[in-house]
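**Q** One line per chain: the protein sequences are A and B, in this order. If you count the first sequence from 1, you need to add 835 to reach our numbering. If you count the second sequence from 1, you need to add 3 to reach our numbering.
Certain hints may be false.
Claimed, not checked - Which chain A residues face chain B? A few, computed with CB under 7 Å, are given here:
no.	residue
1	Val972
2	Phe1000
3	Tyr1007
4	Ala1010
5	Arg1188
6	Glu1191
Simulated from the structure, these hints should not be mistaken for laboratory data. Where a beta carbon is used, it is the ideal one built from N, C-alpha and C, also for glycine.
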Amino acid sequence: MLQDFLNSAPIPLLSALATLVMLLDAMKRDGARIVFGFSVFSLTAAMAAAIYTMFLPDKTTAFNNMITCGGYGAYFDIVFCLGGVLTLLAARPFLLASNTEHGEFYSLILFSICGMFLIAHSNNLLTLFIGIEVMSVSFYILSGYLRTSRFSIEASLKYFLLGAFITGFLVYGMALIYGSAGALGYNEIYQAVQGETGARFPMILLLGMGLLIIGLSFKSAIFPFHQWAPDVYQGAPTIVTAFMSTAGKAAAFSAFIPILAVLTPESSSPVAAKIGMLLAVLSAATMLVGNISAVVQKNIKRMLAYSSVAHAGYMMMGLAAGSVRGASGIVFYVTAYMFMQIGAFILISALERGSEERYQNLEDYAGLAKKHPVMAALMSVFMLSLTGIPPFAGFFGKYYLFTAAIESGYTWLTIIAVISSVISVYFYIGLIVAMYFRESDVQEQDSRPGLAGISLVISAAGVIILGVIPQFIDKIAKSLF
Amino acid sequence: MNLQSVPLEYYLTLSAILFVIGAVGVLTRRNAIIIFMSIELMLNAVNLTLVAFSQFFGDPGGQIFVFFVMAVAAAEAAVGLAIVLALFRNKQTVYVDEVNIMKW
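This is chain A alone, in the form it adopts within the complex:
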């Protein structure tokens, strides 16, 4: 029992600390500063625990095979904690500027990370379901955090109604898989799907797989279940968008990889080939829809939201490939994407300084290089990385995924991915052009990013380091499978 707790240290540790953060907030009036400090400490502690469990000698499971320990899950834990710390550091100046700093913001971020931990570690459909719900319910609240803002509350309502609707499909899919395999654990399902007799009701199994894929596609904003993403990402407080669009997406993919490995055990079987083709088509449609819609956007958060849909499409290529290279490519891409997307959104939140009107439209960014040269330079780094230009992280992320897709025989998918990357140049580079080569007559007082500056520097450093020495993370990613 104690061994189970030690092997899965980050999950119980962060759950306990997050609860403590909530209690601390309830006990101390006006103690938001202490709550903030304690939240950052909790995440750092959880990250340390995750690093400790990552180097456990052998991969085990804990609590009667409910969760896996170390390796894959621990790597994702580190990514989530990193995203959480970057968000928290930038959140304090953002919330202070809009005069809405309450301790519950920090505890909600921690609770959503607890949910993500469970998702990444899940070895049972029940754990997966609870993880997804803990994460989603926290996100519903966070996206409506500025409850007097029309945008925020509309985003929250849309996210909640659609999210709860899709939860119905997700859990129906799980119920049907349970009905077909006769068990909820991944190991038992794997054996039932693989066994000579096969699953008891093959039709029900297929239906269940379809519904489960729909549910997870919604959480990672894959076409045709991406409609919520632009509205929610635009309306939610920018700092929340930064967190949802990176860590939330990473969590959805961390669930996708093992569940597909369980449900399609032999990659040569006809069902596996059909699922692979389905994922490839979804991936192609997602990148095209995301990038083409982003071209016509005027609002920067909406543009980045569509671009995040497109990036989900790139990551889906790794799932379609269905190989170790594909999976490790997703792991690398998730890490790279975490730095570049969170950096871009944090930069917007730092420029906004608590107003919902400032720096919302693309034309507001004209002449930014003169007003805030450092901000403009950092934004350029993130945009170039999102485009996939070397030597930044985005380039190698795409490189690994594209080669994985070609190796699995999806050359056409890679061609579509390259075409849609070319389309994306228009709006990413367009922003850089606006910042450097256009003039604006609006005068601005200078903005002090404060703690957000630390997040920005870490994100930019991450983007550059991952771009210069990608082998390091790539080697770790490959060792996870």
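Model the placement of chain B on the given structure of chain A, informed by the hints.
**A** This is chain B only, laid out in the frame that chain A set:
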């Protein structure tokens, strides 16, 4: 009456019908609270499926799953009604077609 005498298919069909009624309700209704009720109907349809399978296999896993689904549904209800309340304070409406400031 012995429950075992009712075949599994009957439970599955009933829950599928309930699920579809819920889904159609979500797609056609415009009142946020009625949409939410329809979602609850969908979740309860799933619970019925789980319990039916659980009974069929003689495996308690499905019934435990149902407990968690109910707990999650309760948590979602709390959050969802709070969101609808915040919306009403803002805009004096609970009709989702009147909530559309963000469009492209």
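**Q** Are the hints correct? Go through all of them and say.
**A** Against the structure, the hints:
no.	hint	verdict
1	Val972	holds (6 Å)
2	Phe1000	holds (5 Å)
3	Tyr1007	holds (5 Å)
4	Ala1010	holds (4 Å)
5	Arg1188	violated (22 Å)
6	Glu1191	violated (12 Å)
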